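**Q** Residue numbers (my numbering), protein chains in the order written: chain Y, 3 to 119; chain F, 2 to 568.
Worth flagging that the hints you see were computed from the coordinates, not collected in a lab. Quantities reported herein were computed from a predicted structural model and do not represent experimental measurements. Heads up, some of the hints might be wrong.
Stated by the list, open to error - Computed list of lysine-lysine pairs in DSSO-like fashion (alpha-carbon distance at most 27 Å, straight line):
1) K337(F) <-> K263(F)
2) K77(Y) <-> K544(F)
3) K276(F) <-> K361(F)
4) K389(F) <-> K452(F)
5) K169(F) <-> K77(Y)
6) K361(F) <-> K333(F)
7) K389(F) <-> K337(F)
8) K77(Y) <-> K78(F)
9) K56(Y) <-> K77(Y)
10) K470(F) <-> K333(F)
11) K272(F) <-> K470(F)
12) K532(F) <-> K544(F)
13) K77(Y) <-> K131(F)
14) K169(F) <-> K90(Y)
15) K132(F) <-> K77(Y)
16) K17(F) <-> K263(F)
17) K132(F) <-> K96(F)
18) K17(F) <-> K361(F)
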Amino acid sequence: MAKRTKRGPLRAAKELELAEKKRARQNYVLRLYVAGMTPRSDEAIRHVKALCDKHLSGRCDLQVIDIYQQPTLAKGEQIIAAPTLIRKLPLPLRKIIGNMALEEKLLVGLDLRARKP
Amino acid sequence: MTHGDSRSKSLRDLRKCPTGIRGLDEVTNGGLPRGRPTLICGAAGCGKTLLGMEFIVRGIRDFNEPGIFMSFEENEKELTENVASLGFDLADLQKRNLLAIDHVRVERSEIQETGEYDLEGLFVRISCAKKQIGAKRIVLDSLESLFAGLPNENILRAELRRLFRWLKDQGLTAVITAEQGRQSLTRHGLEEYVSDCVISLDHRVVNQVATRRLRVIKYRGSAHGTSEYPTMIDESGLSILPLSALGLDYPVSSERVSSGIKRLDTMLGGKGYYKGSSILVSGTAGAGKSSMAAAFSDSVCSRGRRTLYLSFEEAPGQILRNMGSIGMDLGKHVRKGLLEFRSMRSTFHGLEQHLVSIHKLVTQFKPAALVMDPVTNLTSIGSTEEIKAMLTRIIDYLKNQGITALFTSLTPGGEAFEQSEVGISSLMDTWLLLRMIESASERNRVLYILKSRGMAHSNQMREFVLSDKGIQLVDVYTGTGGVYTGTARMNQIAADQARAAGAANEAARKKRLSAQEAASTRAQMEALRVKLAGLAQEAELGKLAEQGRLAALTQERQEMARARGVD
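So that you can see chain Y by itself, here it is in the shape it has in the complex (with noise of 0.2 Å):
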């Protein structure tokens, strides 16, 4: 007990530090799900692939997935509203609904920006 105590600051630390160096490397597995070819799926797609592009160039695996076509993923994939943005990697999962039009909330929605206390 003593010598965790002991040790433990230090380390904390030093795996927070590792822990952002590791995001900031770290490879982003993105799946993109819209309904059809609608303005709002296009405007969705635009946001997104300009976002991996602004901020995770060359480190983003972006996929985009229309529903119609491909109907049992929105099952599998618990898909409820269109578009919606899955953060596949890295963990945990995360899902962004809407057309991506707030730049802000999507950022904060990949982690990619610290969320507001």
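Let chain Y serve as the given structure and place chain F on it in line with the hints.
**A** For chain F alone, coordinates are given in the frame of chain Y:
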């Protein structure tokens, strides 16, 4: 039926989708509106999910209509386990491509909103499942989870409106469940969107006893029962009792059923009760009500018909033992499966639950006669009006089935017999009253028939004697100064006989005396008559003598004149 016309008309106008749930189809006149959404609302734990699940599973089983169960709360595994006890094998139905279960998980913490969206994901999932199994029915249980999971209520409302419209276009008969709100039918006002049919489920506790009820609040384009119907959830699922939907147009039989007591049959126009009639046996404690019920059961079973005996006071074993003591072997009927005992404390269920369980027992056992002993015990779980309403329903149902029903009723001592019958006597066709008469330091039972519709029945009191040879009815002795029963009857008979014998002697003596008197009078009369005759004779003789004397006098005068030489 007064609304028979409207009923047949509504069937023509609106196609129905039968649910297969016991009673619900009667209440809704054939089922839910086909191809339209129906809203089921109610508080937590009132059986909304169960109703939805039964709608789907029974639809598959009974009507060959595949269905989708879209759950927003429980997952597949939980749902499957929950209904396994009802004998629903969801996994099997899924394997056979008749059922699609879709668990929609909505987690507020996982979802971030960035701009506008729609619920197309939900639509896609439904239409995918529909295509896969060819679904005709769908349950959404419960859509309100979406309100918790999705932040933008405006979008949600617009999308739900679109969803219901779309379900209609798809021709799906939908059941949508929703939690009851404080002021409104549903917490989020879903009733605004689903307006074709709204059914409310209710689970309330009255006098510490829980009762379930179902009510059809609204059914556009169709006649429907409007009352609150008692509902029960048991091992075979949900059942609704449409009993008050029954009218007074049950079939009437002129067949007779023996009461099990020969002398009583004689009193009842010679043949006993009518088949399918309701009989009330009322009396004070220990007056022999249960014995009469047992005698009736025995008589029915002896003719090879089934009897259902519902006891609220005694265990079956105790009834068997007690009836054995008055020479009635009910055990043999039980062994043959003709007699079925159900003993339960009245407080065990609510009134509605009793009603439903009796209904169910009768449907399963199909008895020719039913005994409820005693109905007054129900007063501990309901008011007089409630009990009367319940019994009315039971009696209507039993009459429809042609089942003869005997109810016993305990009358508290010292009250007016005619008004303490939890208000049910008017429902009864035959009313027998058992009374204890106290006299000569004894309590004896007397029976009389207060009423018996449709037969010439005796107006006489009979003494009701329980012995090891069974039940006997004996003429009561109505001597001078009242009704005598028991040993008083015997004493009185003896005393009256002695008195009668004394009177007879007296009469004989009087007769003898008067005969003597008559004889002597006759003798006197004879003497007088003789005397009278003598007097008459004497008078005649006197008259002759007078005539002779007058004639002699005249002659003498003539002779004297001649001698004087009158000229």
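**Q** Indicate, hint by hint, whether the structure satisfies it.
**A** The hints, checked one at a time:
A C-alpha spacing of about 24 Å is found between K337(F) and K263(F), which places the hinted pair at or below 27 Å, so the restraint holds. Annotation: proposed proximity of K77(Y) to K544(F) is violated, straight-line Cα distance about 158 Å (limit 27 Å). The suggested pairing of K276(F) with K361(F) holds, with an alpha-carbon distance near 21 Å, which does not exceed 27 Å. As the CA atoms of K389(F) and K452(F) are separated by approximately 19 Å, the hinted pair is consistent with the 27 Å bound.
A distance of roughly 22 Å separates the Cα atoms of K169(F) and K77(Y); the hinted pair therefore holds under the 27 Å criterion. Between K361(F) and K333(F), the direct Cα distance comes to roughly 25 Å. Compliance with the 27 Å bound is thereby established for this hinted pair. The suggested pairing of K389(F) with K337(F) is violated, with an alpha-carbon distance near 34 Å, which exceeds 27 Å. A hinted pair counts as satisfied when its Cα atoms are at most 27 Å apart, and K77(Y) with K78(F) qualifies at roughly 16 Å.
In summary, the hint linking K56(Y) to K77(Y) is not supported, as the alpha carbons are separated by about 31 Å, beyond the 27 Å threshold. At roughly 17 Å between alpha-carbon atoms, K470(F) and K333(F) fall within 27 Å of each other, so this suggested pair holds. For the given pair, K272(F) sits about 22 Å from K470(F) by alpha-carbon distance, which is consistent with the 27 Å threshold. Pair hint K532(F) plus K544(F) holds up; C-alpha atoms about 19 Å apart against a cutoff of 27 Å.
A threshold of 27 Å between alpha carbons decides the hint, and for K77(Y) with K131(F) the separation of about 13 Å falls inside it, so the pair holds. Among the hinted pairs, K169(F) with K90(Y) is inconsistent with the structure: their alpha-carbon atoms are about 36 Å apart, more than 27 Å. Taking the CA atoms of K132(F) and K77(Y), the gap is near 14 Å; set against the 27 Å cutoff, the hint holds. Pair hint K17(F) plus K263(F) does not hold up; C-alpha atoms about 53 Å apart against a cutoff of 27 Å.
For a cut-off of 27 Å, the pair hint linking K132(F) to K96(F) stands: about 15 Å separates their Cα positions. Between the alpha carbons of K17(F) and K361(F) the distance comes to roughly 25 Å, so the proposed pair stays at or under 27 Å and holds.
Against the hints set out earlier in the document, violations occur for numbers 2, 7, 9, 14, 16.
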